[in-house]
Amino acid sequence: MPLLELVEVKKSYVAPDGSRNCILNISRFELEEAAQVALAGRSGSGKTTLLHVIAGISVPDSGSIKLGEVEVSALPEPERDRLRARTIGYIFQTFNLLPGYSALENILLAMSFAGHVDSRRAEMLLERVGLADRMKYRPHQLSTGQQQRVAVARALANRPKLVLADEPTGNLDENNGRETLTLIREACSQDGAALLCVSHDPSVLARFERTVALSEINRAGAAAEQGA
Amino acid sequence: MSLWRIVGKSLRQHGLATVLTSLSMALAAGLLFSVWVIRDQVHAALTETTGGFDAVLGARSSKLQLVLNAIFHLEASPANIEWSDYEEISRHPSIAVAVPIAMGDNYRGFRVVGTVPDFFTRTEFAPSRKYRVRAGGRLFDPTLREAVAGSFAAQKLKLGPGGRLRPYHGLNFDPNQQQHEEEYVVVGVLEPSNTPADRVIWIPLEGVQKMGGHSEKAAAEVSAVLLKLRTPVAGRNLDMLYNKQGSRLTFAWPIGATVAELLNRFDWMEVVLRQLTYLIAIISGLSILATMYNSMSARRRQLAIMRALGARRMTVFRSIVMEAAAIGAIGIVVGSVIYFVITSAAANVVRNQTGIVLWPFAWHPIFCFGALGLLALSAVAGVVPALQAYRTDVAAGLASEG
Chain A
1 MPLLELVEVK KSYVAPDGSR NCILNISRFE LEEAAQVALA GRSGSGKTTL
51 LHVIAGISVP DSGSIKLGEV EVSALPEPER DRLRARTIGY IFQTFNLLPG
101 YSALENILLA MSFAGHVDSR RAEMLLERVG LADRMKYRPH QLSTGQQQRV
151 AVARALANRP KLVLADEPTG NLDENNGRET LTLIREACSQ DGAALLCVSH
201 DPSVLARFER TVALSEINRA GAAAEQGA
Chain B
1001 MSLWRIVGKS LRQHGLATVL TSLSMALAAG LLFSVWVIRD QVHAALTETT
1051 GGFDAVLGAR SSKLQLVLNA IFHLEASPAN IEWSDYEEIS RHPSIAVAVP
1101 IAMGDNYRGF RVVGTVPDFF TRTEFAPSRK YRVRAGGRLF DPTLREAVAG
1151 SFAAQKLKLG PGGRLRPYHG LNFDPNQQQH EEEYVVVGVL EPSNTPADRV
1201 IWIPLEGVQK MGGHSEKAAA EVSAVLLKLR TPVAGRNLDM LYNKQGSRLT
1251 FAWPIGATVA ELLNRFDWME VVLRQLTYLI AIISGLSILA TMYNSMSARR
1301 RQLAIMRALG ARRMTVFRSI VMEAAAIGAI GIVVGSVIYF VITSAAANVV
1351 RNQTGIVLWP FAWHPIFCFG ALGLLALSAV AGVVPALQAY RTDVAAGLAS
1401 EG
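Chain order of the listed sequences is A and B. Residue numbers for the first sequence follow this note's numbering, so the first one is 1 and each next one is one higher. Residue numbers for the second sequence follow this note's numbering, so the first one is 1001 and each next one is one higher.
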């Protein structure tokens, strides 16, 4: 049984002129446990929206999203929040570390939302991403590469089954991007978490054994691309 | 990481807003506590301060003037009464103790009052508490030019046993006024009683009556007679005798009720002060609301990140309400300091003017109810911004500029 299964998922939004635009129309997509898959798509193709509906941040208009045994799209919002906190790790392009919190506290905060704070594990994660000597640093005291490494550690804080990475190297230079991607992949492998990484960067996509073009699974995106 | 820790982080992150809104709440708390405590303590002190007496007999005047003059040593003396009036009332079967007092002089702003030793030996200024002379001193000999100083007067004038003083004419100090030739030796200082007696220099009755410069008539007069009744019913009979049937003397009874009349005249001021305090509290609450509401758009991304990490809407809502309550709590703590400053200053003024002591550290229910009320007001003020946070669209928030 796949870890993640999307069937006939549709998501649209209302444009400022009142028209309804379909951004996602996915007939089927599956991700096996501990698998690492890159999802390729150009800017505006619905990559982030897809990650949002998988994470339960947004609700699809129709269709089924199953994470293990759980039908995510059928869950009430508080349950989706809990599922996201405990089962999903999220890595953003812009890191999204909380500015008032130290590196360690950013991880502890993510743990607190899952209801289980483990300071030792938080420290261990920071050690693993090479920031043992930066635990007390605030985000503005860290380089962009270091900030994204904290974000990687935070995504793994609650031993997630699935890590969603949204253009994780988009704000990093080539070297930092390469190192960070390696770190994400290794960390997910070590923790047994599946990784779904969306990117439009060919150098990122080339590092994955399995790459799926969003246009292949997203009929709405394909239509948009054809029209473009 | 507990919700309180998250709240603490946010308070530090928005330090300036926290400080400013807390200060406005502190002002409200300080004023609220001060107005209530000072009002109640002054009310209690004035209505319960009787010096151990039930009534005052004096020249025809208002009862209030008589009580303020004879008990609180404030106001001018209405006029003197005959010695025979004192003798007559002291022999009345309803009277347990009658103590004559005479006044008209001061020593550097502190009244010099003539009385008899019964004032110290036969009366209790509070239940089971008599005036006592500090160790090393004694009561004055009524036949000699000796004085006993109240504790506050002694402290301010630096008078102790062996000290000497020459009274000035008049109840208010004026260095240009005539200073009497008679010199009195201080033979004792009273232990603090926290009554107006602490502000008085006590000398033998005859000393005032026969002070040089006073009229010869004064030698056979007293300013007032302090009375302790055998039964409360006696007060009604004497009230009838002196106030209704007579027209020469005034019988002020009961003392507490007479002072309460004065306080009732200032009820309007108390109402104004209370309304003002409520208004300041409401404005403080509104300032918390406005400050937090305005900061919500800046916090939108941060709230969205928390939600993306798994924070529930109610967690975000609670954190904002708790933050508002925490601002209120900080304000209450700082307000307590403001309260102590205000009441300590007020206590100093009241003691200097009346001898009555206020106790800033004494417990008052307003500390509990007022603090809870302000805390609730602050939390309620946080509800509107919390609702804004509750409704944060995570996807839109993540897409917004940090």
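Hints listed in this document are in silico derivations from the structure and should not be mistaken for laboratory results. Heads up, some of the hints might be wrong.
[Claimed, not checked] Not close to chain A: a few residues of chain B, all C-beta gaps over 10 Å, as computed:
(1) 1023
(2) 1035
(3) 1125
(4) 1146
(5) 1158
(6) 1275
(7) 1287
(8) 1293
(9) 1302
(10) 1373
[As the list claims (entries may be wrong)] From the structure, some residues in chain A lie toward chain B, with a derived Cβ separation under 7 Å:
(11) 57
(12) 74
(13) 76
(14) 81
(15) 90
(16) 93
(17) 96
(18) 100
(19) 102
(20) 109
(21) 112
(22) 115
(23) 121
(24) 124
(25) 208
Backbone N, C-alpha and C define an ideal beta-carbon position, used for all residues, glycine too.
Here is what the structure says about each hint:
Distance check on residue 1023(B): its Cβ is at least 22 Å (rounded) from any Cβ of chain A, clearing the 10 Å threshold; non-interface status holds. No beta-carbon of chain A comes within 10 Å of the beta-carbon of residue 1035(B); the shortest separation is about 38 Å. With a closest Cβ-Cβ approach of about 60 Å to chain A, residue 1125(B) is found to remain outside the 10 Å limit, as its non-interface label requires. In this structure residue 1146(B) is separated from chain A by more than 10 Å, as the shortest Cβ-Cβ distance comes to about 73 Å.
Residue-level check passed: residue 1158(B) sits 58 Å from the nearest beta carbon of chain A, beyond 10 Å. At roughly 40 Å from the closest C-beta of chain A, the C-beta of residue 1275(B) stays outside 10 Å, upholding its exclusion from the interface. Every CB of chain A is more than 10 Å from the CB of residue 1287(B) (nearest about 22 Å), matching its label as outside the interface. Residue placement check: residue 1293(B) keeps its beta carbon more than 10 Å from all beta carbons of chain A (closest about 20 Å).
The Cβ of residue 1302(B) does not lie farther than 10 Å from every Cβ of chain A; its closest approach is about 6 Å, which violates its non-interface assignment. No beta-carbon of chain A is positioned within 10 Å of the beta-carbon of residue 1373(B); the least distance is around 31 Å. With a cut of 7 Å, the hint placing residue 57(A) at the interface with chain B holds, because the nearest CB-to-CB distance is about 5 Å. Given the 7 Å rule on beta carbons, the hint for residue 74(A) is violated: about 18 Å separates it from the nearest Cβ of chain B.
Proximity of residue 76(A) to chain B is violated relative to the hint, the smallest CB-CB distance being about 11 Å (cut-off 7 Å). Given hint, residue 81(A) at the interface with chain B, holds; its Cβ is 5 Å from that chain's nearest Cβ, closer than 7 Å. Here the hint on residue 90(A) is kept, as its CB sits about 6 Å from the closest CB of chain B, short of 7 Å. Hint status for residue 93(A): violated, given a least beta-carbon distance of 10 Å to chain B, over 7 Å.
For residue 96(A), the interface hint holds, the least distance from its beta-carbon to any beta-carbon of chain B being 5 Å, beneath 7 Å. With its C-beta approaching chain B no nearer than about 4 Å, residue 100(A) sits inside the 7 Å limit, and its interface hint holds. At a threshold of 7 Å, the smallest CB-CB gap from residue 102(A) to chain B is about 10 Å, leaving the interface hint violated. Satisfaction of the interface hint for residue 109(A) is found here, the shortest Cβ-Cβ separation to chain B being roughly 5 Å, below the 7 Å cut-off.
For residue 112(A), the interface hint holds, since its Cβ comes within 7 Å of a Cβ in chain B; the closest pair sits about 4 Å apart. Taken as an interface hint, residue 115(A) does not check out: its beta carbon lies about 9 Å from the nearest beta carbon of chain B, beyond 7 Å. Taking 7 Å as the C-beta contact cut-off toward chain B, the hint placing residue 121(A) at the interface is violated, the least distance being around 14 Å. Interface restraint check for residue 124(A): the shortest CB-CB distance to chain B comes to about 17 Å, outside 7 Å, so the restraint is violated.
Interface restraint check: residue 208(A) against chain B, minimum CB-CB distance 24 Å, threshold 7 Å, status violated.
Checked against the numbered hints above, the structure breaks hints 9, 12, 13, 16, 19, 22, 23, 24 and 25 and satisfies the rest.
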